[in-house]
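Assemble chain W onto chain A, guided by the hints.
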Amino acid sequence: MRLKKLLLGLLGSVIAIGSFLEIASADLKFPMLVYRTGAYAPNGIPNADGFVDYYRMINARDGGIGGEKIVFPECETGYKTQVGVECYEKHKEGAMVFQPMSTGITYQLIPKATADGVTIYSTGYGRTSAKNGKVFKWIFNAPATYWDGASIAIRHILKQNLGNIKNKKIALVYHNSAYGKEPIRTLETLAKKHGYKLMLLPVDHPGQEQKATWLKIRKSRPNYILMWGWGVMNSVAVKSAASIKFPMENFIGIWWSGSENDVLPAGQGAHGYKALTFNAPGTDYQVHKDIKKYVHDKGNASGDGSHFGTVLYNRGLFQAMVQVEAARVAQKMHGTSKITAAMYRDGMENVNLDAARMEQLGFKNFSPPFKNTCENHGGSGLAAVQQWDAKAKKWNMITEYMYGDSDVVDKLIAEDSAKYAKEQKIALRCN
Amino acid sequence: MSVELLNFIETVLNGLMSGIMYSLVALGFVLIFKASGVFNFAQGVFALFAALTLVGFQTGQVPFSHLINELFGTKLHHWYPEIHSFLAIIFTIITMIVLAWIIERLVLKHLVNQEPIILFMATIGLAFVLEGIGDLMWGSDVKVLDVGIPSGGSEWLENATIGLAAEGSEYYGMYIDVLNVWATVIAVILVTALALFSQYTKTGRALRAVADDHQAALSVGISLRTIWVFVWAMSGFIAMVAGIMWGTESGVQFSLSLIALKALPVLILGGFTSIPGAIIGGLLIGVGEKLAEIYIGGLFDIGAIENWFAYFMALVFLLFRPQGLFGEKIIERV
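Residue numbers (my numbering), protein chains in the order written: chain A, 1 to 431; chain W, 1 to 334.
Just chain W, same shape as in the assembly:
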């Protein structure tokens, strides 16, 4: 095979892997939008908050220690040396469930039947409040996140592909980050679990009923508020998975909340109401932006086009299919 073709395949593969990372963020948006019609602007901050909480539990950091020390002159920092990542993940899941319950109690309950734009504005407020609380709880330092997921280039793939190029050509084998492979496996498990859950469980069916028609779901005795807590908790769980993947790559820092920006073009492309759409949208955006950066950027000798190119792709797509690839077509009867 020619080196150019191998490089092209490598770019596509890496684009797919990046796309999965975007999909992980987009999934959280879709779940909430599907069940409550709310575009949760705070989804990126959810991922940040979950990752901060996970590291906090892992390292035994006392929450709000800076604030407590400032107010009472104490010197609290850690209450235990370190705990196993699995336990820390369990505690983080519990925290995200509690957070979902608090959000339902303090925000959503009071905004039932309000215009979608009001709910959207509420989530913007929520994003800033949660970011501030995260800062107060765990501090703004860069935190190292290690839950045991391997990362770094795959030597196996490199060695397996190095011989594919013609003899004598300058080729070093194909590169894929093992962390991204794990992200793919986890995304597949997540999507399968979500599909099985919504298809075969009572709560899952209730969730689908709420997504289809709030009023009809209420009329058959489904508690809207319970479903909302459930969905926001699930979305918090997905945010935690995204936070783990992104945080392992860059360390947990406040810029993590900006990964939400990577999910927006994915949602436009895949549709706001489709779980497979979030996955396919992510893959398309991932591949598209990587190919654009390397090949279109290379052609005109320009760089850093991948960020805006993703939005360009989404915009073009909007013109032809406003509801996204798998989104529900909006039909308004007059």
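Extracted from the complex, chain A is given alone in its bound form:
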């Protein structure tokens, strides 16, 4: 009995000392809010794997950032807003940045992180008006926002119709959540500007059953369908569209509705489906070679490595790269490798990922260049259209990266952020 107690005590001490040493030697904490379980796990896993592989590669190849190792404790949210907030509370101490991976969680964290002085980076999701750095000091959503996405999709449709979409019917099939509702305002404003008719079709979580939605679509015959979906909702929608013989080239998803998971279950029926993107798929980039060399070949891949090069894995790489780059910029700005959360925020605000820097980081032609500024936390707003080739089972980029309608989007952002600033009594910055 005494021996058992002694052994247990020893084991406890070893674990405690180990944990202490790990935290003490690692100064840069990038907590990860992930969903590796639950209904949205098929999307959450490749994305999280991208993050983990990139951090491991930086630790292995460069010895961390400026000599400081990255620690990245994972917290499982299951894509549930309340759990995400609990994860934030659990890990906020000493954290540099949080990537909530959910618009719902992002909305909840905006006031909390602002009060706590912790950076939130919602890459291409979250609250669109957080792009306005004058109001949202701690929130970043580069390289593009949902309102950019909505207006880029409309711009693509305009191009196909020689600039005239008056009286065309455009349907928005959206996840009935904060995320799915985000583009509505922009699409309504653009509808007034271009004269198209907008149909709004919400789909409840998780989106396994959408028959009524597609009967409505079949009956009203929209010319185009836009989709703001996530998880199983995407694959069911793509399959349903194919089933009612909707022309797939007129079906365009946002960048979270454009992964392999969304199209493979529909088989050949998904051929021609389009989605926006701000990063390329595939493995023909220096960053992939480095990850293979320093992580996968050493047997340290996150998971079984089977998601390497997929759309969501590559997006995870991109997100992690921006977060790491922000730390580097902060270290340079403040002349110390041991940065604080406030210093990290400064770094994020001064990230400048031009083409040359992207190439240095192993991301040549992977994503359009962008920079954050005090006023602009939303990056370039550029996105391209990719199209699914069901025979080759791969996405092909079919357009150049293009801007959204800044006349409309900037005005909406100014209005929404001004309203938020007034509600929260926030003094404007960047004067």
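Just so you know, these hints were derived from the structure itself, not from any lab.
Be aware that a few hints might be false.
List of simulated lysine-lysine pairs, DSBU-like, C-alpha gap at most 30 Å [to be verified]:
1. A:289 with W:75
2. W:75 with A:394
3. A:298 with W:75
4. A:394 with A:364
5. W:75 with A:391
6. W:75 with A:292
7. A:293 with W:75
8. A:393 with W:202
Then chain W, alone, in the frame of chain A:
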């Protein structure tokens, strides 16, 4: 015929077809509840687990390969290229039988004579454990399930009905997904087989005896434990059929377990102890929610009401007939 009437008929037909898909899930609940008085919260996860196992066998995936590779540094993935769907279905049925036996051995055996709420809680635990095991065994990726059942809009029906509308009107024919037609055929076969089985076989009669009165069944020598294994295995088989139908539609992914939520209003409406009730309940819920989404939603310009409308229907029904359409009336003598 007017286009409005044709559209209405189309909505009702599609509602009926969706209802059959819900009934397939509800049937599994009913079987177990009837035989053991347990509300099996894990029924949705059963469907997911069966579908995952089926795809795993079909594609020759090594179970627990992620775990094995992580522990031993191996690179196991597949042990054969692909097998015929029929064989994969047989292997899946065997797996579901083994699973039923394990559940009886590890869970049910130890909870005999416990309060129904304890058994219900046990099935909640079972749901999470089984979901976790499914993840460890087969991984969380979205899997394409194809057992050869055709899917997509029926061109025949579209062409046959396009001429029904008045000339010059904008009508494109009626839409029905062929997969749903197959689901209907399979559900009819299943229910007929279940009815014949429980009426004309010894095991079926034993099953009915257990459902009627556990104590009386025991007193005439019926083994409660054998019947439980049998019923849970049958329910696993029905879960597999539901998993195939739903998985063919959306791909096999973990959200499949949430189809159980679609079965709950069906059970409230049809009753927890009636097989015809599960079918009729499913049809009513299917039609009701589709009509609500398209017509009530359309009237007030709101969407996504079908999910909660199904529960609303069930609630209203509860007020007037708490035992459901075909459920047994609960009479407590004081």
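Checklist entry - Between residue 75 of chain W and residue 391 of chain A, does the CA-CA distance stay at or below 30 Å? => result holds (28 Å)
Item to check | residue 75 of chain W paired with residue 394 of chain A [C-alpha distance capped at 30 Å] | outcome: Status holds; Cα separation ~25 Å.
Next on the checklist: Next pair to validate is residue 394 of chain A with residue 364 of chain A; report whether the Cα-Cα distance is within 30 Å.
Outcome noted: Given that 30 Å is the threshold and the Cα spacing comes to 20 Å, the pair holds.
Checklist entry - For the pair supplied as a hint, residue 75 of chain W and residue 292 of chain A, is the alpha-carbon distance within the 30 Å limit? => result At roughly 16 Å apart (the allowed maximum being 30 Å), residue 292 of chain A and residue 75 of chain W satisfy the hint.
Next on the checklist: Need the status of pair residue 293 of chain A, residue 75 of chain W: alpha-carbon distance at most 30 Å?
Outcome noted: Answer holds: residue 293 of chain A to residue 75 of chain W is near 18 Å, not above 30 Å.
Checklist entry - CA of residue 393 of chain A to CA of residue 202 of chain W, is that 30 Å or under? => result Violated, because 52 Å separates the two Cα atoms, which is more than 30 Å.
Next on the checklist: Does residue 75 of chain W sit within 30 Å of residue 289 of chain A, going by the straight-line distance between their CA atoms?
Outcome noted: holds (20 Å)
Item to check | Restraint status (C-alpha distance of residue 298 of chain A to residue 75 of chain W at most 30 Å) | outcome: Given pair residue 298 of chain A, residue 75 of chain W holds - Cα atoms ~13 Å apart, limit 30 Å.
Violated hint: 8 only; the structure is consistent with all others.
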